[in-house]
Amino acid sequence: MEKKERIGVYICHCGTNIAGVVNVGEVSAWSAENLKDQGVVIARDYKFMCSSLGQELIQKDIKEQGLTRVVVAACSPHLHEATFRNACKGGGLNPYLCELVSIREQDSWVHTDKAAATEKAKAIISGGVARVIHHEPLEPLHVPIHPATLVVGGGIAGIQAALELADAGFPVYLVEREPSIGGHMAQFDKTFPTLDCSACILTPKMVQVGSHPNITLLTYSEVEKVDGYVGNFTVAIRKRARSIIEKDCTGCGICWEKCPWKVVDNVFEAGMGKRKAIYVPFPQAVPKYPVIDRVNCTYYIKGTCKACEKFCPTNAIDFTQEDEILNVQVGNIILATGYDLFDAHRITQYGFGRLANVYTNLEFERLSNAAGPTGGNIVLRDGKTTPKVVGIVHCVGSRDKNYNEYCSAICCMQSLKFAHLVQERTGAEVYNFYIDIRTPAKGYEEFYHRLLDEGTHFIRGKVAEISDAARLPAEEGKLIIQVEDTLTGNQLRVPVDMAILSAGLEPRRDAKEVAKKFGISCSADGWLIERHPKLDPVATVTEGIYIAGCVQGPKDIPASVVQGAAAAARILGKIQQKEVALEPVRASINADQCSGCRICNNLCPFNAILFHEDKMVSEVNPALCQGCGTCVAACPAGAISGTVFSNEQILSQIEGLLFLNIPKKEAVA
Amino acid sequence: MSDTPETKPFEPIIIGFTCNWCSYRAADMAGTARMKYAPNVRLIRLMCSGRLDPTFVFKAFAGGADAVLVSGCHPGDCHYINQNYKAMRRFQLMKRVLAQLGIEPDRLKLLWASAAEGAIFAREINSFVEQVRALGPLNWNKTSFTIPADADKEEVPA
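Here the protein sequences line up with chains A and B, keeping their order. For what it's worth, my numbering labels the leading residue of the first sequence as 1, then goes sequentially. For what it's worth, my numbering labels the leading residue of the second sequence as 1, then goes sequentially.
Everything labelled a hint here was simulated from the structure, so no lab data went into it. Here the structure is a predicted model, which is why all the values come from computation and not from measurement. Keep in mind that the hints are not guaranteed to be accurate.
Stated by the list, open to error - Each computed SDA-like pair below joins lysine to any residue, with the alpha-carbon atoms no more than 20 Å apart:
#1 B:K59 with A:A634
#2 B:K59 with A:E655
#3 A:K384 with A:T426
#4 A:K516 with B:G76
#5 A:K512 with B:G76
Stated by the list, open to error - If you want the footprint, here are the derived chain A segments under chain B, 3+ residues with CB under 8 Å:
#6 72-78
#7 469-481
Glycine included, C-beta positions come from ideal geometry on N, C-alpha and C.
Can you make the complete structure from the sequences, with help from the hints?
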């Protein structure tokens with residue numbers, strides 16, 4: 001080695017998180033003593049390295065001790081790598097000459113044997129020291145950021161995000177799978193705890209989206225493919241054929257009036273109502289253009305009918321329309337694809353689908369909705385009988401290890417809302433069967449108290465069964481809810497006319513495929529993973545991809561709106577900077593060493609390697625290279641090197657990690 | 001070095017390679033959730049399991065490691081589209097080469113772990129440590145291990 005580096009080693013106590021298991025004093029003394037030959041000139045341990053005092057300590061040493069490399073042994077680089085790189089930068093050292101090694105997540109938090117954990121910390125630090133010697137000063141790559149944003153999902157979270165971005169003056173593409181935006185919120189009648197009419201607060205926002213000059217609304221569309229990286233994504237969107245010429249359609253409604261074919265609407269009406277084969281999902285739909293459901297349309301089945309075409313005053317029907325693929329450029333992407341309702345059929349003992357008067361929460365939302373199939377009349381499936389006793393079952397498919405362990409967060413308040421609506425409109429007696437009542441937000445607990453005052457019955461116990469098998473005359477013709485009241489210890493059989501299952505929220509059925517398409521991951525439950533559960537809840541580990549609303553986990557409307565706005569704010573901050581700094585983790589080919597074998601050419605999944613026929617050498621395009629390093633590992637001539645993860649860095653780290661054990665091995669031999 | 005060889009169990013030293021996106025985050029997750037596992041594995045972060053140059057594995061064995069763990073995203077989940085398949089191919093190749101060098105191929109393990117699978121990561125490390133403990137220290141030059149007859153029949157996925 002030509003010039004010896006001057007390395008500083010900093011060991012963080014992280015309060016007791018590290019120091020409680022790893023003997024930090026010993027590790028620090030050992031590093032100063034045993035890693036001297038590698039160039040360590042100073043080793044310190046400190047209570048909180050990430051604090052400003054800790055950072056100043058490093059900066060002072062860089063100046064006073066003339067450090068040329070820094071190793072920090074603390075938490076995961078995914079948490080504080082940027083912090084310590086910036087600290088080094090502040091001290092006048094190139095940020096990439098700093099290495100953060102994890103002795104918390106990988107050591108003190110996962111081991112109980114203090115001596116072994118201390119030895120492991122020494123090995124990890126020695127690996128970091130050996131590696132940091134080969135670090136090179138680097139500059140982040142700056143790439144321009146495209147001002148447009150793609151928002152996937154037109155529920156309340158996506159709507160909020162799109163409006164925030166568009167109002168700030170930037171273009172937005174809002175892609176929605178269904179024919180209209182609005183999402184689940186559009187299906188609800190009232191929203192808790194204020195009991196605002198859902199449509200009254202949602203539809204103005206939908207109209208704003210539909211008419212906003214900065215928003216390109218693509219409904220009945222889905223994202224097919226995503227290429228590129230933060231700042232420069234190319235997205236292919238499939239715009240499914242509506243069979244309507246949008247520029248000619250006025251949304252007058254004659255076509256769906258004249259359409260002779262009615263089908264059960266399993267999406268918007270949750271199976272409670274019917275729609276035509278040409279339809280808009282609900283009267284306030286945005287956009288106003290209908291869509292022809294080709295599976296059920298008589299013309300597509302039998303080749304005749306065309307009633308809609310005959311009556312359309314503007315000739316806007318086009319039976320030959322085909323799917324269109326649009327390619328758009330965007331700088332950032334927000335995923336707000338929402339949730340699916342837990343399928344209540346899965347809990348067979350609750351009888352949903354078998355017992356007529358067992359409803360899901362979404363069915364009840366439609367039933368109680370003034371614009372729903374019964375005009376808001378709460379009646380049984382026969383369409384006329386008003387229930388006299390109603391039972392609401394909480395936690396259906398949530399807080400249950402057989403289905404989903406998590407709490408779906410909204411069901412308690414939603415059940416309370418249902419109880420209120422039933423009492424208000426029918427005067428029926430209402431029983432709530434709950435495990436715990438969870439009302440932790442503004443005005444929620446007060447709403448619960450209001451329901452208690454209104455005389456709703458609350459029975460604490462998980463419902464065992466809903467059946468129609470009467471044992472007593474009073475149970476004849478009723479649904480019997482079998483439950484143990486855990487507050488009194490009594491087994492109860494409660495006869496009711498109607499049972500409502502508060503089914504929980506689940507990740508979208510295709511959440512995994514969506515995550516894969518956008519290069520992010522799902523948790524074990526299937527919700528998309530945020531970068532940090534507390535401090536970075538809308539960003540993901542992939543730069544430029546954000547998540548908002550229920551796609552991240554169950555939440556209510558206010559929380560979804562907050563996340564939509566937060567994701568938009570994060571993106572606005574990025575767009576305002578006009579360019580984005582990328583990690584300079586890139587491969588490059590030494591033309592003198594390249595033999596032109598082209599092995600690397602086909603390995604690259606991003607087509608970042610070009611082959612120059614004239615010179616018979618390959619070259620990496622740094623704008624396309626994502627830095628995976630596969631080509632570096634595969635090059636038989638060793639002509640490709642990768643910054644930040646070079647062969648020298650990794651081979652030295654291996655040596656460093658094993659440094660502790662070399663004398664032992666020799667002694668054995 | 002014969003203090004108390006009988007009472008002290010053999011503690012293998014294992015070098016583990018993780019990818020930046022899935023398996024390193026699985027390790028982070030195991031940490032955040034305070035799941036306990038054996039302290040024998042020392043991890044190296046790569047951007048992708050596709051970065052794994054077979055040299056790294058041989059270097060680790062030559063440098064004194066008793067075993068090597070290679071981990072990455074599940075097939076199909078690779079952050080770089082499909083580079084973990086390349087790691088999978090190299091893994092099969094390395095197992096053959098190890099056998100030919102006289103090293104038990106069981107000293108090399110491939111583990112897929114997503115960012116959510118901290119528990120699997122911890123569990124698999126424990127089982128690997130036990131597996132290597134059973135194999136004993138890697139005394140390469142003194143090993144009595146013979147190449148299994150079917151070593152080169154092992155299937156290499158395309």
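Structure-based check of each hint:
| no. | hint | result |
| --- | --- | --- |
| 1 | B:K59 with A:A634 | holds, 16 Å |
| 2 | B:K59 with A:E655 | holds, 8 Å |
| 3 | A:K384 with A:T426 | holds, 12 Å |
| 4 | A:K516 with B:G76 | holds, 8 Å |
| 5 | A:K512 with B:G76 | holds, 11 Å |
| 6 | 72-78 | holds (count 3) |
| 7 | 469-481 | violated (count 0) |
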